[in-house]
Amino acid sequence: MSRVRVLVGTRKGAFILESDGKREKWDVSGPHFAGWELYHLKGSPADPNRIYASQTSGWFGQIIQRSDDGGKTWHQPGTPAGQAPEPGPPKAVSNKFVYDASGESGKPLTTHQWYDGTQHPWEFKRVWHLEPSLTDPNTVYAGVEDAAIFRSTDGGENWKELSGLRGHDTGPKWQPGAGGMCLHTIILDPSNPQRIVIAISAAGAFRSDDAGKSWKPINKGLYSKYIPNPTAEVGHCVHHIAMNPKRPGVLFMQKHWDVMRSDDAGDSWREISGNLPTDFGFVIDVHSHEPETIYVIPIKSDGEHFVPEGKLRVYRSRTGGNEWEALTKGLPQKDCYVNVLRDAMAVDTLDKCGIYFGTSGGQVYASADAGDSWNAIVRDLPAVLSIEVQTLA
Amino acid sequence: MIRVELPQHLRTLAHVGREVTLDVEGPVTQRSVLDALEAQYPMLRGTIRDHDTLKRRAFLRFFACEQDLSHEAPDAPLPEAVASGKEVFLIIGAIAGG
Numbered sequence: 443m444s445r446v447r448v449l450v451g452t453r454k455g456a457f458i459l460e461s462d463g464k465r466e467k468w469d470v471s472g473p474h475f476a477g478w479e480l481y482h483l484k485g486s487p488a489d490p491n492r493i494y495a496s497q498t499s500g501w502f503g504q505i506i507q508r509s510d511d512g513g514k515t516w517h518q519p520g521t522p523a524g525q526a527p528e529p530g531p532p533k534a535v536s537n538k539f540v541y542d543a544s545g546e547s548g549k550p551l552t553t554h555q556w557y558d559g560t561q562h563p564w565e566f567k568r569v570w571h572l573e574p575s576l577t578d579p580n581t582v583y584a585g586v587e588d589a590a591i592f593r594s595t596d597g598g599e600n601w602k603e604l605s606g607l608r609g610h611d612t613g614p615k616w617q618p619g620a621g622g623m624c625l626h627t628i629i630l631d632p633s634n635p636q637r638i639v640i641a642i643s644a645a646g647a648f649r650s651d652d653a654g655k656s657w658k659p660i661n662k663g664l665y666s667k668y669i670p671n672p673t674a675e676v677g678h679c680v681h682h683i684a685m686n687p688k689r690p691g692v693l694f695m696q697k698h699w700d701v702m703r704s705d706d707a708g709d710s711w712r713e714i715s716g717n718l719p720t721d722f723g724f725v726i727d728v729h730s731h732e733p734e735t736i737y738v739i740p741i742k743s744d745g746e747h748f749v750p751e752g753k754l755r756v757y758r759s760r761t762g763g764n765e766w767e768a769l770t771k772g773l774p775q776k777d778c779y780v781n782v783l784r785d786a787m788a789v790d791t792l793d794k795c796g797i798y799f800g801t802s803g804g805q806v807y808a809s810a811d812a813g814d815s816w817n818a819i820v821r822d823l824p825a826v827l828s829i830e831v832q833t834l835a
Numbered sequence: 273m274i275r276v277e278l279p280q281h282l283r284t285l286a287h288v289g290r291e292v293t294l295d296v297e298g299p300v301t302q303r304s305v306l307d308a309l310e311a312q313y314p315m316l317r318g319t320i321r322d323h324d325t326l327k328r329r330a331f332l333r334f335f336a337c338e339q340d341l342s343h344e345a346p347d348a349p350l351p352e353a354v355a356s357g358k359e360v361f362l363i364i365g366a367i368a369g370g
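Line order of the protein sequences matches chains A and B.
My numbering puts the first sequence at residues 443 to 835.
My numbering puts the second sequence at residues 273 to 370.
In case anyone wonders, no lab produced these hints; they're calculated from the structure.
Hints are supplied without guarantee of correctness; some may be wrong.
[Unchecked claim] A few chain B residues facing chain A, derived, Cβ under 7 Å:
1. His281
2. Met315
3. Gly318
4. Thr319
5. His323
6. Asp324
7. Phe331
8. Gly365
[To be verified] Each computed DSS-like pair below joins lysine-lysine, with the alpha-carbon atoms no more than 30 Å apart:
9. B:Lys327 with A:Lys602
10. A:Lys794 with A:Lys464
11. B:Lys327 with A:Lys567
12. A:Lys794 with A:Lys688
13. A:Lys454 with B:Lys327
14. A:Lys454 with A:Lys776
15. A:Lys615 with B:Lys327
16. B:Lys327 with A:Lys538
Just so you know, even glycine gets a beta-carbon here, dropped at the ideal spot from N, CA and C.
Start from the sequences, fold in the hints, and give me the full structure.
Here's what the structure looks like:
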């Protein structure tokens, strides 16, 4: 029977929730890395026992953790699990993210726009998102703050920047959002290994069609009234992008304001906010088996990061956008003021499709019937930063 | 033998207790102590000093002999009591965040 493993990153550690395919009873393990911020954990599609985790701290910086046994044990890549390190130079530097200044890109950038409009040097702060390769467990991409994309091909032991992104002509116009200038979304196209889509707050979406060597902005159709030119090539605060792997040319975006859709892999976008009560939000995801069924969780506004009217409602569209229905069964509909962050929603691939999200209040909600009804798997974790789901055979 | 006390989260990372001991060749300075610490416990690289610049991370402090040595030059000699192992070299997570 199939099983489901939910990987939860929180402000104070990681938790792993496991259930059989019924998704009724859950085992909760953790906290792993107690006391640290776990921005993201994600399993390799090529080897579900291989999980990467981004462990960060304002005090101690960035740590990369890896599990090769489905989350039971962890180690820093290059430091074998359970073994005392040998004296001498480290065999690997799994937490070393150094921006490429070699000139490989032809024009490596050293500054981006700061909050006050001045130019500011790129400074590494943390890894927001880890995206394992679809085919090779040892290859994994990292989206970092300040915005850049790195790749490891040795299981996370060493990282190299794909500097063509940061070397793009528009780099000096990128600027941090309230959460920092983060590269938070990495989508690998299963039908085209050369194609990668990423998103940055607040620069926008970019696409590479040559496996990360060169990049172009894909923000045509976005309208952001908080930047001087609302239709500028870059500067848009994209919060998240989702794709159904069976239809990789169709992308769905939750922008700072506006829910958007592209039918041409990001070349152009159109708004699909329709009848949503507010189109501000962070998460967006797509049903595993119905590529026109999408989910968002509207948040009241950019000044009030909680759900509107004290009601936690997931909105589902079965028409690819514009027509939305509120899903409320099992969710609090009174005095609820939580937020749901951009990487904190995921879907499984069971039939019926399971939907999962985590809140700033520490609840992880799951629906085993595509959103019709919801239950809290756990209610009192630290604030949830990210949710990923593995469907296991 | 140099004695170094680590904050809790770094003890967990390095799989050690509160205090570790190090052999340091030559002058005993912040740099030589941290070089020896990172050589013995490679998983701590980047957590106390920046990988590239080797500057102390902003929210960490170095104390010894009831003195704050955080702003001393990396190559300045540490107190004799630290060099002799009589006193411990403390790496402290600064109080921050409320």
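Under the criterion that the straight-line Cα-Cα distance not exceed 30 Å, is the pair B:Lys327, A:Lys538 satisfied? Holds - the C-alpha atoms of A:Lys538 and B:Lys327 are around 14 Å apart, at most 30 Å.
Would the hint linking A:Lys794 and A:Lys464 be met if the CA-CA limit is 30 Å? Roughly 10 Å between the alpha carbons, so the hint for A:Lys794 and A:Lys464 holds.
Given the hint that A:Lys615 pairs with B:Lys327, test it: the Cα-Cα distance must not exceed 30 Å. Satisfied, since the Cα-Cα distance of roughly 29 Å is no more than 30 Å.
Could you grab the alpha-carbon distance between A:Lys794 and A:Lys688 and see if it respects the 30 Å cut-off? holds, 17 Å
For the hint on B:Phe331, just tell me whether its beta-carbon gets within less than 7 Å of chain A. holds, 4 Å
Restraint status (C-alpha distance of B:Lys327 to A:Lys602 at most 30 Å): Between B:Lys327 and A:Lys602 the Cα gap is close to 22 Å, so the pair holds against 30 Å.
Hint B:His323 vs chain A: min CB-CB distance below 7 Å? holds, 5 Å
30 Å limit on alpha-carbon distance, applied to hinted pair B:Lys327 and A:Lys567: holds, 15 Å
Please verify that hint: B:Thr319, Cβ, nearest Cβ of chain A, below 7 Å or not. For B:Thr319, the interface hint holds, since the closest Cβ of chain A sits about 4 Å away, which is under 7 Å.
Proposed proximity, A:Lys776 with A:Lys454 (alpha carbon, max 30 Å): holds, 27 Å
Checking hints one by one. Is B:Gly318 an interface residue toward chain A, by the C-beta closer than 7 Å rule? The hint holds - B:Gly318 has a Cβ within 7 Å of chain A, the shortest such distance being about 5 Å.
Is the hint on B:Gly365 kept, meaning its closest Cβ partner in chain A is under 7 Å away? The hint holds - B:Gly365 has a Cβ within 7 Å of chain A, the shortest such distance being about 5 Å.
In this structure, every one of the numbered hints holds.
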